[in-house]
Amino acid sequence: MSAVLIAVAALLALAAVFGAILGFASEKFKVEGDPIVEQIDSLLPQTQCGQCGHPGCRPYAEAIAEGEEHNRCPPGGQDTVDALTDLLGRDELTLDDDGAEDAAVAKVAYIREDECIGCTKCIQACPVDAIVGAAKLMHTVIVDECTGCDLCVEPCPVDCIDIVPVKPTLQTWGWDRPAGIGQRPDSRIEVVNL
Amino acid sequence: MIRTFFRSRTPKVFDFHGGIHPPEMKHLSNGTEIAPGPLPAQLILPLNMHIGAPAKPLVEPGDRVLKGQMIAEPAGAVSAAIHAPTSGTVSAIGPRPIQHPSGMDAICIVIDTDGRDEWIAHSGISDYTERSPGELVDTIRYAGIAGMGGAGFPTSIKVNLGDHQRVEELVINAVECEPYITADDRLMRERADEIITGIHILQYLLNPRRTLIGIEDNKPEAIKAIKRACKGCDIEIRVVPTKYPSGGEKQLIQLVTGKEVKSGQLPAHVGVVCQNVGTAYAIKRAVINGEPLIQRVTTLTGDGVSQPGNYEVLIGTPVSDLLHHGGVDAGKIGRLVMGGPMMGFTLHSPTVPMVKTTNCIIAASPEELPEPPPEQPCIRCGSCAEVCPANLLPQQLYWHAKNDDLEKAQHHNLMDCIECGACAYVCPSHIPLVQYYRYAKGAVRQQAADQLKADKARQRFEARQARIDAEKAEKEARRQARLEANRKKKEASAAPTVDTAALKQASLEASKAYKAAVKAAKAADAEGAANAAELKAEADRLKEIADKAKAAVRDAGSAAPAAVPAEDVVAKLKKQVGDASSAYKAAVKAAKEAEANGDDSAAALRAQADELKASADKLKAELRDAKAGAPAAAPTAAQADPVSDLKKQVGEASSAYKAAVKTAKEAEENGADNAAELRSKADELKAAADQLKAELRDAKANAPAAVPVQAPTAPPADPLTELKKKVGEVSAAYKAAVKAAKEAEENGAGNAAELRAEADTLKADADHWKAELRDAKAAAPAVAKAPPVPTDQPKMPEASAPQALTQPLTAVDPEAAAKRQKRLKGLKTAYNMAHKQYKEAHAALERAERKEEVSADELIEMQRKVDKLKNKADVARDALDALIEEAKADIRAHTGKDLKTLKLEAARAESALADKKLELDKLASSSGEDALEALNSELKALEAEAQIARKALKQALEEQGLVE
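Chains as they are written, first to last, in full-length UniProt numbering: chain A, 1 to 194; chain B, 1 to 964.
Honestly, the hints are just simulated from the structure, not real lab data. Think of the CB as a built atom: it goes at the ideal place given N, C-alpha and C, for glycine as much as any other residue. It is possible that part of the hints are untrue.
List time: in silico DMTMM-like cross-link candidates among lysine to aspartate or glutamate, alpha-carbon distance up to 25 Å [what the hints assert, rightly or not]: (1) B:Lys408 - A:Glu38; (2) B:Lys56 - B:Asp138; (3) B:Lys870 - B:Glu846; (4) B:Lys441 - A:Glu145; (5) B:Lys453 - B:Asp404; (6) B:Lys26 - B:Asp193; (7) B:Lys839 - A:Glu154; (8) A:Lys167 - B:Asp455; (9) B:Lys836 - A:Glu154.
So these bits of chain A aren't anywhere near chain B, every CB distance computed over 12 Å [claimed, not checked]: (10) Met1; (11) Ala16; (12) Ala20; (13) Ile21; (14) Leu22; (15) Lys30; (16) Glu92; (17) Val164; (18) Leu170.
Hey, can you work out the whole structure from these sequences and the hints?
Here is the structure:
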C-alpha cells in the first residue's frame with residue numbers, strides 16, 4: 001500500500017517540478033508579437049505599391065497572417081507566392097495579377113522634367129519618399145530609392161511620369177541562363193568591321 | 001630523418017585537388033621576341049579597367065595630353081589612376097563599348113594620337129630603399145598599377161600593409177597555366193632582371209619571411225632566366241607541374257606553400273600576398289623608371305593571324321588595330337576571344353580596347369575553337385567533381401542553378417567557384433556548367449541587392465508612415481490648441497467688452513441721474529419746498545446707485561482677463577435696473593405729490609422722473625443685451641437679437657426724448673426756471689436716441705452679412721442685388737453716423753469723437769462691401785446681365801401656349817441666337833473665373849491652416865471668404881446650366897423634338913446609309929443591272945434623308961449656340 005502511495009507521491013512531485021520548469025520557460029522565452037508576420041513581411045518585395053489592396057507590404061503581411069490569400073502581390077511575382085506557400089504550408093496558388101505585364105522586370109518612375117509643373121502630388125503619393133522637389137519647381141525621382149510601384153502615375157495632373165524598366169548596368173548585369181538541354185550555348189558572335 | 005633531409009634539398013611542391021591538362025598551344029606565340037605594338041589613331045581608355053571605383057577624369061575633350069600624363073585620378077581607396085599612353089588630344093569622354101562579356105558601354109576617355117609619342121617630364125627613383133614604404137605605395141597608386149594577371153585589383157591596396165599585419169610568404173605568380181598565353185613567359189625570358197627588381201621592391205614593401213616564385217615546368221627557358229637573375233638573393237623558385245588551373249591564386253598558394261585559403265577568406269588571412277609577375281615588372285617600371293602603367297605585353301595568337309606573338313601594346317589600343325598589326329585574315333576568324341580559351345570571353349566587337357588586364361587575344365579559326373556542341377542531359381558521371389580545383393560538387397551546383405534553387409546552390413558553396421571551366425571541359429554531356437554558375441552567381445547577387453533595396457524601401461516606408469502619423473497628431477494638437485485659445489479668447493474678450501461698455505454707459509447714466517437729482521434737490525431747497533429733504537434722500541440714493549455702477553465697471557475691467565462669467569454681469573445689471581426703476585417710481589411719486597401741493601418744482605420733478613425712467617429703460621435694454629451676449633446664448637440669437645433690441649431701445653429713447661421735449665415746452669410755457677436745463681436734457685436724450693438709431697442701422701447692415709456665413713449652403717438668389725442692398729444700407733448708416741457725429745460736435749457733446757470713430761468703421765465697412773460688389777460684378781457679369789432663370793420659357797410646347805410665348809420659338813431669329821451664344825460664352829467664363837477664385841481662396845486657406853502663425857480669426861475670415869466664393873461659383877454654374885437647359889428647351893419647342901432625338905435620328909440615318917452602301921458594294925459584282933439600279937435609287941434616297949437629319953441637327957445646334 002505504501003509503495004503505491006510512494007509512487008503516486010513521486011509522480012506528483014515530478015509533475016510539479018516539470019510543470020514549474022515549463023511555466024518558467026514559457027515566461028522566460030515568451031515570443032513578443034506574431035513572428036509569422038515578420039517572416040511574411042521579409043518575403044514581400046517592399047514596393048509598397050498597394051496592388052494587393054492594402055496600404056503597404058506590412059499590412060498585407062498582417063492580412064496574410066490572418067488568413068488572406070497570399071497570391072496578390074504582382075511585384076513579387078510567382079516566386080514570392082511560392083515562397084509564401086512554403087512558409088505558410090498552404091495550398092499552392094498562382095499569382096493573381098489579371099495577366100498584368102511581367103513583374104520580374106524591375107521598373108522605376110521617370111519624370112519628364114520639362115513637363116513637370118511642380119504640383120507635389122506625386123511627392124505626396126510616393127510611399128517611400130523617393131521623389132524630391134518643391135511646389136512650382138520641377139520634381140525628380142531618386143532612382144535608387146524608387147520601387148517602381150506606380151502610385152505616382154495616377155495623381156500626376158499632366159501625365160509626365162513614366163514607369164520605365166531599369167536598364168542593366170555593368171554592375172547589375174548578369175549572365176543569361178543557358179538555353180538548356182539540346183541547345184547550343186549562344187556564344188558565337190560574328191566578327192564585323194574588321 | 002630522411003624526409004627532413006630531402007625536404008631541405010629539393011623544395012617541396014604541394015598539390016591541389018583536381019585540375020585538367022588541356023592542349024597548351026603555347027608554341028604558337030612563344031617563339032618570337034616581344035615586339036612593339038601598333039600606334040593606333042585612337043586610344044580608348046575605360047575609366048574602370050580595374051576592380052573598384054571608376055577613376056575620375058582630370059582632362060576635358062580638346063585637351064592635349066602627353067605620354068605618361070595622368071588623365072584620370074583614383075576615386076576612393078579601391079581605385080587606380082589612368083595615364084595617357086601616348087601624346088595626343090582628348091577627343092571625347094563618353095560611353096564606348098568596353099571589354100565586358102555583356103558588350104555594354106562604359107565611360108571612356110578617347111585620345112586621338114598625334115604620332116609624336118611625346119613623353120611628359122618624368123623621373124624614377126634610383127634607390128627605392130631611401131623612400132618610405134608609404135611613399136612607394138603612393139607611387140604605385142598614382143602609377144595606376146592594377147593586377148596584371150587578369151583580375152585587375154589595384155596593387156597599392158595589396159602592398160599597403162597595416163601595422164599589425166605580417167606577411168609570411170610573398171608568392172609571385174609566374175605560372176601562366178591557361179593555354180595559348182605566353183606573355184609572362186616571354187617577359188620572364190627577356191626581362192628577368194627587371195622582374196626581379198620589381199620583386200625586390202615588393203619585398204621591401206611587404207617584408208615577407210619567404211618569397212616564392214611559382215613557375216610551371218613547361219617554361220624551361222623562363223625558369224632558367226629567372227634563376228639566373230635571382231642568383232644570390234633570397235627568392236625561392238618553385239617549379240610546379242603543368243596543370244590547369246595552377247595559376248589560380250588559391251591554387252598556387254596551395255601548390256607552393258601548402259596552405260589552403262578557406263572559403264570566403266583572402267590569401268591575407270593565411271599570411272600570403274600573391275602578385276603576378278607582370279605586376280612586378282610594372283612596379284619596377286613605375287618606381288625605378290618613373291613610367292606609369294601605359295603599356296603591357298599581350299599575346300596575339302590563333303590561326304586567324306599570320307604573325308602570332310607577343311606585343312607590347314599601349315593600353316587602350318582597339319583590338320582591331322592589334323589584329324591588323326599581327327596580320328589578321330578576317331575570313332579565318334571564327335571567334336575572337338579576349339583572355340585565355342578557358343576563362344576568357346568572346347568579344348562582341350573588335351573595336352573594344354585592350355586594357356591593363358588583357359593578357360591575350362585569340363583570333364581563332366572555326367576549327368580551332370569550334371562551336372560548342374548542344375547540351376546533353378547530365379549522366380552523373382562525376383568527372384566534374386574529380387577535376388574541380390575548388391573541391392566543389394559541380395553536378396549539385398548544376399542542378400540547383402538549373403532549377404533556380406539559389407539557396408541550395410549557396411549551401412554547396414557556389415560563390416567559391418573560380419569559374420575556371422575545368423568541369424565544363426571534362427563534361428561528356430557538353431553542359432556549359434560555368435555559364436550556369438555565372439548565371440546563378442549573378443542571380444544570387446541580384447537577390448542580395450534586391451533584399452537590400454527592399455529593406456531600404458521598408459525603412460523608408462516606415463519612416464514616412466511615422467512622419468505622417470506624427471504630422472497628423474501634431475495637426476490635431478494644434479487644432480485643439482487653437483480651438484481652446486479661441487474659446488478662451490471668446491470668454492475673455494467677447495462677453496466682458498460688451499458688458500464693460502454697457503456698464504460704463506450705466507454708470508454714466510446713473511451719475512447723470514444723480515447730478516440731476518442733486519440739482520433738483522438744490523432748487524427745491526432754495527424754493528423752500530417741503531419735499532426738499534425727500535429729494536435729497538432721493539439724490540443720495542441715486543449717488544449710491546451711481547457708485548455701485550462705477551464699482552461694477554471697475555470690477556468688470558479688472559475681472560475681464562480672468563473671464564468673469566457673463567451671468568455675474570447680468571445679475572449686476574439686473575440689480576441696477578431694479579434700483580433705477582425703483583428710483584424712477586419714487587421720483588414719479590414725489591412729482592405727483594409736488595403737483596398736488598401746487599409746488600413750482602413739480603415740472604422739474606416730472607422731468608427728473610422721466611429722465612430716471614429713460615435711464616432705467618436703458619439699463620433694462622442693456623440687461624437684455626448682456627443676456628443675449630452671454631456665452632450661453634446661441635450665436636444666432638446674439639446676432640438676431642441686437643437688431644430687435646436696438647429697435648426697442650430706439651423706440652424708447654425717442655419716446656423719452658419726446659416726453660422730455662414736451663415737459664421742457666410745458667416748463668417754458670409755465671416760465672419755469674429750469675426750462676433751459678430741461679431743454680439741454682432733451683437734447684441729450686435726442687443725441688442718445690440718434691446714437692441708438694445709428695447703432696440699429698449698423699446692426700441691420702451687419703446682420704445680413706452674417707446670414708451667408710450662417711447658411712452658406714443656401715445661396716442667395718441674386719448675390720449682386722443682395723450686395724447692392726448691403727452697400728446701400730451700409731453707406732446710409734455711414735452717412736447717418738457722420739451726420740450724428742457732426743451734430744454732436746456742434747452741440748459740443750462728449751461722445752462726438754466716439755461717433756466719429758464709429759462713422760469711420762462704418763465707412764470701412766461700406767468700402768469693403770463696395771469692393772465686394774465690384775468683385776462680384778466682375779466675376780459674374782453675365783449673371784448681372786442675363787436673367788438667370790428662364791422663367792418665361794415654357795417647359796413643353798403646348799398648343800394652348802400664349803402667342804407671346806410661342807412666338808420666339810417658332811421664329812428663332814439669328815440675333816437672339818447670337819445673343820444667347822454670347823451669354824453662354826460669358827457665363828462660361830464667369831463660371832470659370834468664379835471657380836478659379838474659389839479654388840485659389842481654398843488653396844490659400846489650406847496654406848494658412850498649415851502655417852502656424854495665422855490666427856484663428858483670420859482663418860475664420862478666410863473660410864468665410866472661401867464659402868462666399870464657392871457660392872458665387874455655384875450661382876454662376878446654376879445660371880449656366882439654366883441657360884443650356886433653356887437652349888435645349890428652345891430646340892425642343894422649335895423642332896418638336898428634343899436634342900437627343902435629333903441626334904439619334906441623324907445617327908440612324910447615317911448608319912442606314914452605310915449599310916446600304918455596303919450592300920450595294922457586295923451586290924455590285926454579282927447582281928444584275930435592275931437590282932443595282934433599284935439599290936442605287938434607294939441609296940440616294942437614304943443619302944438625302946441622312947442629309948436632312950444632319951442638317952436639322954446642325955441647324956438646331958447652331959441656332960442655340962450649343963456648339964459641342
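- [ ] For the pair we were handed, Lys56 of chain B and Asp138 of chain B, check the Cα-Cα distance against 25 Å.
- [x] With Cα atoms ~17 Å apart, Lys56 of chain B and Asp138 of chain B stay inside 25 Å; holds.
- [ ] Could you grab the alpha-carbon distance between Lys836 of chain B and Glu154 of chain A and see if it respects the 25 Å cut-off?
- [x] With Cα atoms ~23 Å apart, Lys836 of chain B and Glu154 of chain A stay inside 25 Å; holds.
Task: Nearest-CB test (12 Å) between chain B and Leu22 of chain A - done: The claim stands: Leu22 of chain A keeps its Cβ more than 12 Å from every Cβ of chain B (closest is about 35 Å).
Task: Distance rule for Leu170 of chain A, whose beta carbon must clear each one in chain B by more than 12 Å - done: Non-interface label fails for Leu170 of chain A: nearest chain B Cβ at 6 Å, not farther than 12 Å.
- [ ] Please confirm whether Lys30 of chain A is truly not at the interface, meaning its C-beta sits more than 12 Å away from all C-beta atoms of chain B.
- [x] holds (24 Å)
TODO: Confirm or reject the statement that Ala16 of chain A sits farther than 12 Å, beta carbon to beta carbon, from all of chain B.
DONE: holds (45 Å)
Task: Pairwise hint evaluation, Glu145 of chain A against Lys441 of chain B, where the allowed Cα distance is 25 Å at most - done: Since the Cα atoms of Lys441 of chain B and Glu145 of chain A sit roughly 24 Å apart, the hinted pair holds (cutoff 25 Å).
Task: Straight-line alpha-carbon gap Lys26 of chain B to Asp193 of chain B, limit 25 Å - done: At roughly 23 Å apart (the allowed maximum being 25 Å), Asp193 of chain B and Lys26 of chain B satisfy the hint.
- [ ] Assess, step by step, whether the Cα of Lys167 of chain A is no farther than 25 Å from the Cα of Asp455 of chain B, and give holds or violated.
- [x] holds (22 Å)
Task: chain B versus Glu92 of chain A - minimum CB to CB distance exceeding 12 Å, so not interface - done: Label holds. Min Cβ-Cβ 16 Å, cutoff 12 Å.
Open item on the list: Given the hinted pair Lys839 of chain B and Glu154 of chain A, is their Cα-Cα distance within 25 Å?
Closed with: holds (21 Å)
- [ ] Examine each Cβ of chain B, and state whether all of them lie more than 12 Å from the Cβ of Ile21 of chain A.
- [x] With a cut-off of 12 Å, Ile21 of chain A remains clear of chain B, as the shortest Cβ separation is near 36 Å.
When each numbered hint is compared with the structure, a violation occurs for hint 18 only.
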